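Each chain, written out:
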Amino acid sequence: MRFVARELTENVNISPGGEGKSFIRGILILCAVFFAVYFALIVMVDALISYVPEKVDRALAGIFSPYIQTPSEWETDRQRIEGVLSSMLERYDGPVYDFRVDILDHDEMNALAFPGGNIVLTSKLVESLESENELAMILGHELSHYRQHDHLRGLGRMIVFMGLMTVWSAGTNSNPLGQYVVNSIGTFDLKYSRKQERLADEYGLKFLVTRYQHAGGAVCVFEKLQEEYAAQEKIPFLQFFSSHPLIGERIRHLNELIGSRGYEVRQQLPLTFDLPERSELPPS
Amino acid sequence: MIITNIETVPGRTIVEHYGIVQGSTVRAKHVGVDCVAGCQNTFGGELKGYSQLLEESRNEAMDRMIKQAQQLGANAIVNVRFGTSMITQGASEILAYGTAVRLE
Amino acid sequence: MADFLFFVVFVTAVFFIGQHIQKKHFASLEAREQALLYLPAVVGRKVFNDDDVERAWLVHGTVVVSGDYFKMMLAGLIKFFGGRISAYESLLDRSRREALLRMKEAAASEGAHMVVNVRFETSKIDGGNPSQQTTGMFEMLTYGTAIRLKAQ
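Protein chains in written order, with my numbering: chain A, 1 to 284; chain B, 285 to 388; chain C, 389 to 540.
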């Protein structure tokens, strides 16, 4: 047996196709697949949402309620807000829940609609209020979210989101790439949620006007928010990533509506909250 | 191409040898198979998806080894060995190597 | 947004650096393989007569490698859909060839005429953790018996 030295001419042990190219192709396919699956599921969720029985809504509320509790010091303020809410409920025509208001100790101005009709206002938002009309505008906005089933929609989206993330992590050992892709889907999807917010603003305004016969206070809340977030709005492209339309835009839209529908802006009913200092430490 | 895992090809005479040839591949199954295998892992038994994966990989590694041998002008590979090593979860490397020879 | 931009820049940079290293390594492998082409390495051992052997000794070549961040990202992508993970194929191929070359170089430096009974081993010496952005390390080991024949 004799040795003959021969050279290999090509490397057969590497699959054809450059690494850079297959990376870009992979990303594009991944995005396409994730987007398609996500939006298909979302369309399904949206179609099913109006059929969700009240029982499910109540059960969901049960999950969140232990985390949403108004500190006992703020009970009287909470009841005052609920008083305003009940005066508005006469004109509410959406699905009926046991509406309840809670004040959450938080250093950010925000209002949220939780399943089961639990409207949550942050303490900072409550303290900034100067009139009943402003409060009514906020409550009207949240009531419209219930009218549009947005609280369930948001939850449905969250579940779809988490599902995608779980599948990705299981298949790839939590490679960070998928997180970026899923997040980018979220960014595109925010466009949709901004539309919902805009609708909620419009309904909120209608609630306010039918309740008080004028649109005073509708814009004030947003002006306060704008002041609060003045710094943020200077960042370019922020609108693209923000779940709510930029506040300036919302004010403009509301003013336009008030002008075009010929609503009057009259004296507001003064109503202020001075939340007492809490004795216990906030749950963290 | 005659392939054996002994020193010779019985009944034939080796006239020339060309040194080591090797073929290897790293492959993975899609996420669905990973998930099913993950569940099956709890109960044990054959993981069909992964059996198939390794079978395919081994064939591919053999193919690549044969291609190398062909490049060298060999018509047989003797003393073939296999190796398997885990690279990442659900992706294994299969290696096949042997001595490329020419039979009379 | 900022960390996404950082991610893009980082992956692109790693891609170019990693591909450059890979290209250089392949070029170096080809040149060294060419130089050692005269030295046969075989898996079996029936390539010499026992009477002709002057000396036999164990030689080995070893290399520890890890994939880069880009390769890990690419592997993750392909793992999701299934298929050949070429990013790791190229890494393992060149490290195995490197280990084989190092073994041959060790044998040649002591005047061997051939290496017989060559074996390859791959072992993972660190699992790696994608969430901590590491790919894991592999050791490629090649070993065999170097044979020096008597002068004719």
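Hint data in this document are derived by calculation from the structure and do not stem from the laboratory. Take these hints with a grain of salt, some might be off.
[Said to hold, decoys possible] In silico DSSO-like cross-links for lysine-lysine, where the CA-CA straight-line distance does not exceed 30 angstroms:
#, chain 1, residue 1, chain 2, residue 2
1, B, 351, C, 512
2, C, 411, B, 351
3, B, 351, A, 224
4, C, 512, B, 332
5, A, 206, A, 224
6, B, 351, B, 332
7, C, 512, A, 21
8, A, 21, C, 434
9, B, 351, C, 538
Every value quoted in this text rests on a predicted model; they were computed, and no experiment measured them.
(message) Taking the earlier hints as the rules, which of them does this structure contradict?
(response) 3, 8 and 9
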